[in-house]
Each structure stands twice: as structure tokens, then as C-alpha cells.
Amino acid sequence: MQYIFLGILVICGLMWAAAQLTLEDPVRRAVERQIDDADRAEAIDVDALTVLTWSTDPNPARRVQSEVFLEHYPGLAVVRDPGDMTKLIVRAATGTGPDIIDTWSAAHMATLVEAGILLDLTPYAEQMGIGPDATYPAMADGLMYEGRQYRFPCNVWASTVIYNKRLFDELNLPYPQPEWTYEQLGELAVQIRERSAAQGRRIIPVANWENTIFFEDLLAGHGATLFDADGLRSTLDHPEAIAALQTYQRLMFHHRALPPPAEMASLASQGGWGAGGLNLFFSERAAMIFIGRWVTVMLPDHPDLDPANLATVTVPRAGNRPPQVVGRARGAAINAASPNREAALAFLQYLASEEYGQLIVNDGDGLPPNPNLARDGDDLTNTLVPEAGFHDAFITALETSRSLDLSPFIEIGTTERILRDAVEYVENGRDPETVLHAAADEINQRIRQNLRRRPDLQRKFEQVTGQPYTERWWTSDRPGSVVQ
Amino acid sequence: MGRLLLRFTVLCLLGLLVAAPFVWMVGASFKTHAEVERGGAHIVPERLTLENYPKLLGQIPVRGDEYLDLDFGRWYVNSFFIALATTLLTVLTSAMAAYAFSRLRWKGRDTVFLLYLATMMVPGVVTMIPNFQIMVWFGFVNTYHGLIIPAAFSAFGTFLLRQFMLSIPPSLDEAARIDGASHWRIFWDVVMPLARPGVIALAIITFLAAYQSFFWPLIMLNDSQYFPLSVGLLELDTGYGVQAELVMAAATLTVIPLIVIFVIFQKFLVRGLQLGGVKG
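Those sequence lines, one after another, are chains B and C. Using our numbering, read the first sequence as starting at 1 and increasing by one per residue. Using our numbering, read the second sequence as starting at 1001 and increasing by one per residue.
Possibly wrong hints are sitting among the right ones.
[As the list claims (entries may be wrong)] Pair by pair, the computed Cβ-Cβ distance ranges are:
(1) Asp39/B to His1145/C: 34 to 44 Å
(2) Thr1032/C to Phe253/B: 31 to 41 Å
(3) Thr1032/C to Gly429/B: 37 to 47 Å
Hints were generated in silico from the structure; no laboratory data involved. Using N, Cα and C, we set each Cβ at its ideal position, and we do this for glycine too.
Let's have the full structure, built from the sequences with the hints guiding it.
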């Protein structure tokens, strides 16, 4: 038996030696993979580089973005740090986290701020040109947490309606026009259903790719908010929010604009992976989709879909209200424990630069964070969609968008979960008004529970209201409280 | 006869249910991207293609004419190396600990054993941050030994082999000791050969667990040159969407060694676990 152990030991030793001998310097390797020109890569002195680690997705666009950073910020390089949220938390807790951290939403950023991971950018922002005024006004709230800035956008987007002109032509229907309403969308959806059925096929009016985002956009469009001004009470039970969810329900079950769950299930049994909302649209089985400009990065994967057949229009209005959706951003933040703080700040400056913005324009990955680089559709034309008119609606949507309001008194993840549940309940036939009253109650209960348990939130309560915290604060007659 | 037929039918159905995802995975790995995108529950590809497998070993297309370098071959070797080294060390340390807990008499032995066993009750997630902090202090982050050494000590392995060793008659040790054998000699030449079914069972269990290990390597590694397959597969999600046919091809290549090992050694695995449960 000793010989078996010895044999395996020798094999392990040989494998280890082979692995060690073939290891390349990771920085040299990263630089060579970033730069297409081998001679230029060879000429770079990697030992003199300050190397930043960037926790982001394995999107190949990061390679070009890293290459351009290296080109314009001599002495600095950035390499991707693969991983997920668990890795980030473990690494950050031990002081070995990445220098730059991608945050996918304001909620994600808030979670990391609450965990003490992110650097407060406020003292540096204005001087370095990465403050809220360096991007779209609608993005400003999404960069802040309790009045302090913690991230700068990598790319920004707001939902717009992309429609397939070929399908509308085949069904002999007019294209959606600006200033249209959700009621008109519903009527159009009925016509799409009827006419496509008459032709012996099924065209889905609106491909649903992320129903909670659609509902959040409806909330914005109906002028609804999630919380009252001081964040102590949910406003999901207010008439505007209820109207938003009723619109969602009508679009799904009355007009069948969005495929209801049963129809999605039947599409899934026919189509496996192909049943996702994006694939419905890309395979020209759906006439419209509510989505951001980033979706155009996927066009090269669908060569059968001619981009010339695609056009855009702003989302419908809710009654007489102007069209409005939620502005969203993937943003980069800095690890508060990063030993390369100056270099990491330079990277955020790079995100606001023209060089980086042009990459976003060319890739079609949303809009550049710097609004000066996307003044009109002409600025955004690229090889994916050369038609300037296609891009205009994305700019309008972002300029008129607003951020999703958050409350410091409840965990972001809980709010998101409750919103997601509310949408699912309505999809399963529940009444929107009942669902949202229950959702608001659940949020309010959670806020009270959090306040009861956490002295830091009690102090925040006193700051926000100017009143001392009491156990039954919510039964007092202060404005916004619930007298029960 | 009727009951036998019913039992056979139920077992066949359950077997099909378990095997269906694997069969589908293999089928999808031979489909074209267009066919996978189009969807459909059919297992046999309409047009069989072998091109997914070579792509994994070179560059994968991500969008239009853009490609992403993979180190699939290296990840394969890494997985084997890490699993093999972990298995070797785990079996060795577990066997030595089991010998100490079963054949040697020392004060507090059973208490220490119980304490050692109690570590199995602590979920791995709870100890993840302290364990990682220790790896940082030792400078083990982004190294092979950072993956191998923390996995080389197993309370379960010690327990399994201790049960085996307890079933070996003590008279064999005594006879060897009368002949002048040292503990080391008794361990290697008397106890270990008799505990072979348990050793093989532990080796298989450890190898399979180390080969599939995901979270620890994910946290420990930044440099893709050290990735095992389990972590490397994440790179196939390129941000421009998952190419399911490539993921399925990679998953097929990943599970082949596991299936081969299980088929060859399942006899030892079952026997080893059965015997380990019987105290002599």
C-alpha cells in the first residue's frame, strides 16, 4: 500500500512541477490578453504598473475597456477579478477585496455601503469630475446613499419600447406613436393578437423579459413612489401605485399584451431556452419589448434579425401624465480598504471620459455615463444600428427618467422581494389593490421591527423626523404616521 | 411476479427521471447554437455537430467576430491535480488520526474524538471568513496549496476509518508488537491493508468532492491559470448571454471522469460504507 501512496505522490509532484513551470506572470498575461498588438504589449514594463483588480462580469467588452484605460492612463492597468457576491464579501471582510467593485443597481450599492465595504467618494467627486453632475440628473439619487456618493456609472439605461416594423407591416398595423397611452398599447395588443391569429400564427405583442422592472417602470409612469418622503412608510397602497399594478394586470389578462404565466409556460414547452422574453423578440415572435439600449449588444448573435426592421418609441403615458420610467445604471465603486485608492479614483475618472464613453456607444451597451457624449441619436449610431433615429428614444427616456426611491429603514433586498412577490401574486390572479395593501403592510411592519431592534435606525429616525423615537411612534399624529 | 414487475417499472421510471438531464446535456452538447436557441425538448440533435468540443479547447465566440480565450485544458489538469493531491493527503491524515483514535490508548482520547467529530456540525459557510483570513496570513491566496491543504483534514474521513480500524482484532497488533514492530510498521503493514475497503471508499468520496468543489476555489482564486473546471465554467457566461451548447459540452467533459470513477469503484464505495457502519 505504501507503493500506491508513493506512486500517487510522485504523480502529484510531477503535475505540480508541470503546472508551476507553465505558469505565466498574471499581470503580463492580463496585459497581453488586453492588447491586440503583441509588440506593444511586450514593450510594457509590467513591474512598473499599478494593477487594479476590478470585480465585474466576464463580458468581453471589459477587455477593450481595460486596454483603452491602459493606453490613456500610463502606469495603471486594470484586471478583472472573477467572482460573485459571496466572494466579494469574504474578500472585503479580510481586507483583500478588489479595488473596484461593480454594482448592478442602487440597491446593490446600498447593501455594500451598509456592509462598510465601499469608499465614500464625496470628498473626491467634484474635484475629479466624477460627481453626480457629471452624469444624468436621474442617475444622481442612484449614486448616493444617505446624501453621500459611493459610485459612478459605467453605463446607464432607461426602458424604451423597441418594436419590429416588419411584423407591424405584415399585420398591416400602424407603428406605435410618441405620446401614446397604456390604453392604446392594450388596444394595439388586441389587434396584434387577432390579426396574427387570422394569419395562422401567434405574435406576442410585448415580450416580457423582467416583469418586476416593468412594474417599477409602471410605478414611475403613474407617479407612484415606494415610500413617503422620510422613508418611514410605504406608499405602495396609494392610488397611484394601485393604478400602476392594475395597468399591469389589464395589459396581461385583459389585453394580453404581455403573455400571462400560462402562455409563457406553453411557449416554454414549445421552445425550451428560446422562450425567454429576449429570445421571443429576437426570434421575431414578439412585436415589441420594453428594454434599454444595452439589448443591442446581442444583435450580432441574431443575424436573421435585420436591425433596419427595428425602431423605437418612448414608453406609453399613464393617462395624462408624461411618460416616465426608472433610470438605471451599472456603476463602479471603490473598495474602502483598497491600497490603490488614487489609481482607483483615476479609473472612475476614466469612466467619465470621452474615450470610455465612445466604447459604450460603439458596443451598444446602454448609454455612456457622460451625457455630453449622447446629445442625440447621431452621437449614438454604431455598426450595430446605424440608424440615428433608433437611438433618440433611449436618450429621451433617460433624460425624463427618475430613480427608484429607497428607505434607509428597510433592507433593500426585502423591498425588492416584496415587489417581486406582489407582481407574482397579480400574475396568479390576485386583486392588485389587495396585494399592494398587503405589500405596504409588510413593509411597514418590517420598518417598525427594524426600528425597534436597531438603535442606529432610531437615531436616524430622530434626525429625519426631528422627534424623539418612541416604541409606538407609528401611532402618533406626526405627519405621515399611521394612526391606529 | 406482478409486484416484481411493478417494482421494476417504478425503478426504470425513476432511473429515467434521474438520467434524463444528463442525457439531454450530452444531446445539447452536439447541437448547433441555432438549434439550441430555437429550443425544443428533443434530445437527439437535428444536425449533429462536433464543433463545440474543439471550441472549448481554444477560443469561444462571444459576439459576432469577437472571441474569448479559455484555458480549458489547463483547468482540466488543475481539477485532477487538486483532487488527486487533496485525496492523497486526506486519506493519509485521516488514516493516521483514525489509527490514533482506534489503536492507541491515551488520556482524553474519546473526548478529543468527540470534539473532532463536533466540527462536522459547524456549517462551512460560518467558518469561511476565518478560514480565508488564515489563508491570507499564510500567503496561500492564488496558490494550489491554498486549495489543497485546508481540504486535507477531514473529520468524516477520520470517523469512517476509525470505524474500520475498530473492527480489526487488536490481537493482530499485539502479535506484531511481540515481533518487534513499531507503530508506524503496524499502521502500514497490518492495519492499513485490512482497512483497504474503507480507504478506497474515503478516497473516492474525497476525490469526487474535491473535483466538484466550487465555493472555496472561487473565493481563493483570482488568476484563471489556477482555476479548476468548476470555477472555469463560469467564464462561459460572457455577459452577452450563455451559449448553452458550449456549457453543455463543458459540463459533459467535466462529468465524464466522475462517471468513469464512480462506475469503476462503485463496488468499493458501497462495500466500504457498509463495512464502516459495523463496529467490530
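Self-check item: Contradicted hints - numbers only
Solution: No numbers; nothing is violated.
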